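**Q** Sequence:
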Amino acid sequence: MAFLPRYLLLSLLLLNSLLFSFVKSDDEEDNLFRSINSYRTTLNLTTLRENDKAKCLADEIADQFKDQPCTNTTGANTVPGTEPQFSDYPNLLSKCKLNVTTTRDAAIMPACVPNLVPDLVLSNYTMSQYATSLNDTKFTGVGIGSDDNWIVVILTTNNLEGSFTPDNSSANVLFQLGLISQAVFLLMAFLLLL
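For reference, each letter of the sequence shown is one residue, going -25 to -1, 1 to 169 in mature numbering (1 follows the signal peptide of the UniProt record, and there is no 0).
Be aware that one or more of the hints could be misleading.
As the list claims (entries may be wrong) - Label-pair ranges, simulated between beta-carbon atoms:
1) Ser108 / Leu135: 13 to 23 Å
2) Thr46 / Thr107: 17 to 27 Å
3) Thr46 / Leu135: 16 to 26 Å
As the list claims (entries may be wrong) - Derived BS3-like pairs (lysine-lysine); straight-line CA-CA distance at most 25 Å:
4) Lys72 / Lys113
5) Lys72 / Lys41
6) Lys70 / Lys41
Source of the hints: derived by calculation from the structure; they are not laboratory data. In this text, all values refer to a predicted model and were calculated from it rather than measured experimentally. We treat Cβ as the ideally placed atom computed from N, Cα and C, and that holds for glycine.
Please put together the full structure from these sequences, using the hints given.
**A** Below, the structure written as structure tokens:
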């Protein structure tokens, strides 16, 4: 009998996904956002709010993946612990005016789906290792970015370590001032050489 509620849930999700496909939304990210919130609603979980900073980072990560082919070792198919590491993660955070402190508790979930077919994209999140994070009540926000066949979902929390609040730390301000002073120095040196 435990099979019936799960079967019913999956049927509702598929129907929901198909309905969104017929609406012909041009935006895969909006489609996935609505589908994830419908999924969470069927589980009696609160819906996720859009987080602009998480969306920025999701877009940056999707851009990093865009030339990587879909395989059985990428995205939701990846064996936990073997996910690709982002060697330029600090730069990606900087582009979105974030720091590692406020992104530590987030869940970053890339998936590769040829042509980003909506029902396949949704199942890559709801029927994979990512479902554990989607079902977690600690997550309250979401940012979604896509590029080519890649779509990235980032889940955020309400606590400081996962809130994706902008980096207004003095270290970041000093770093930016240091870059500005170096640029001014190089410009002055160039002008003096002329």
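**Q** Now tell me if each hint is right for this structure.
**A** Results for each hint:
no.	hint	in the structure
1	Ser108 / Leu135: 13 to 23 Å	19 Å, holds
2	Thr46 / Thr107: 17 to 27 Å	22 Å, holds
3	Thr46 / Leu135: 16 to 26 Å	36 Å, violated
4	Lys72 / Lys113	23 Å, holds
5	Lys72 / Lys41	22 Å, holds
6	Lys70 / Lys41	18 Å, holds
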